[in-house]
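Visitor: Just so you know, the protein sequences line up as chains L and P, in that order. Residues in the first sequence are numbered consecutively from 1, following the working numbering. Residues in the second sequence are numbered consecutively from 113, following the working numbering.
Do not rely on the hints blindly, as some may be mistaken.
[Unchecked claim] Only pairs whose alpha carbons sit at most 30 Å apart, straight line, appear in this in silico DSSO-like list of lysine-lysine:
1) K56/L <-> K68/L
2) K72/L <-> K56/L
3) K57/L <-> K71/L
4) K171/P <-> K68/L
5) K169/P <-> K115/P
6) K57/L <-> K68/L
7) K171/P <-> K71/L
8) K169/P <-> K71/L
9) K171/P <-> K72/L
10) K68/L <-> K169/P
11) K57/L <-> K190/P
12) K115/P <-> K171/P
13) K171/P <-> K56/L
14) K165/P <-> K72/L
15) K190/P <-> K165/P
These are calculated hints, taken from the structure and not from any lab test. All values derive from a computational prediction rather than experimental measurement.
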Amino acid sequence: QQQVRQSPQSLTVWEGETAILNCSYEDSTFDYFPWYWQFPRESPALLIAIRPVSNKKEDGRFTIFFNKREKKLSLHITDSQPGDSATYFCAAITGNTGKLIFGLGTTLQVQP
Amino acid sequence: GPKVLQIPSHQIIDMGQMVTLNCDPVSNHLYFYWYKQILGQQMEFLVNFYNGKVMEKSKLFKDQFSVERPDGSYFTLKIQPTALEDSAVYFCASSLGAGVQDTQYFGPGTRLLVL
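Isolated chain L, as found in the complex (with noise of 0.2 Å):
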């Protein structure tokens, strides 16, 4: 049972446009969600979080925009740039536990 899921599985876009990733959870409990990037054979790497208590979190072109309601989230990457393109995983921790439950990952291709 996939408690965090990811939409799009893959997603191409022109240089210049707003790529929009999808994100759901199940678990109410889960308190912190990353984003982690990973461009082919490197590290998976963090590049934006955010805690339930916003609904919002930007860091230069890429937005997170949460909904705990519907217990959704969505990564928006604006003007985007060949170089964006990498695997993006939605992931979800619950308190201490150290344990990260990940997505599947959207693959984004931005093209020139």
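Knowing the structure of chain L, use the given hints to seat chain P on it.
Guide: Relative to chain L, chain P alone:
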């Protein structure tokens, strides 16, 4: 940023043999993790480790699995004996603390193929 290293990057092994996956965590980190990713599936938590002890393990962490970190050396995942279903990418991670907002830094993974 901080780097976690994993050795080897790839390992091919015959079923029934023992394998040790090595992780060199970020130097001042205290919490260590292993995750497993089977091809086409999500990365799944295996185990976390602090102060020489396993804190929590998932149902994926079979009896054949063990972890340790002898003083100042690698954090290791040992599988003995290996089974076909152990074929996966194994990611090591480390963090300074175990708080909700303590970032886990990941290594690039070890791709294990059990034949």
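Visitor: Taking the hints in turn, state whether each one holds.
Guide: Evaluated hints:
| no. | hint | result |
| --- | --- | --- |
| 1 | K56/L <-> K68/L | 11 Å, holds |
| 2 | K72/L <-> K56/L | 12 Å, holds |
| 3 | K57/L <-> K71/L | 16 Å, holds |
| 4 | K171/P <-> K68/L | 29 Å, holds |
| 5 | K169/P <-> K115/P | 24 Å, holds |
| 6 | K57/L <-> K68/L | 14 Å, holds |
| 7 | K171/P <-> K71/L | 26 Å, holds |
| 8 | K169/P <-> K71/L | 26 Å, holds |
| 9 | K171/P <-> K72/L | 27 Å, holds |
| 10 | K68/L <-> K169/P | 28 Å, holds |
| 11 | K57/L <-> K190/P | 40 Å, violated |
| 12 | K115/P <-> K171/P | 28 Å, holds |
| 13 | K171/P <-> K56/L | 34 Å, violated |
| 14 | K165/P <-> K72/L | 35 Å, violated |
| 15 | K190/P <-> K165/P | 15 Å, holds |
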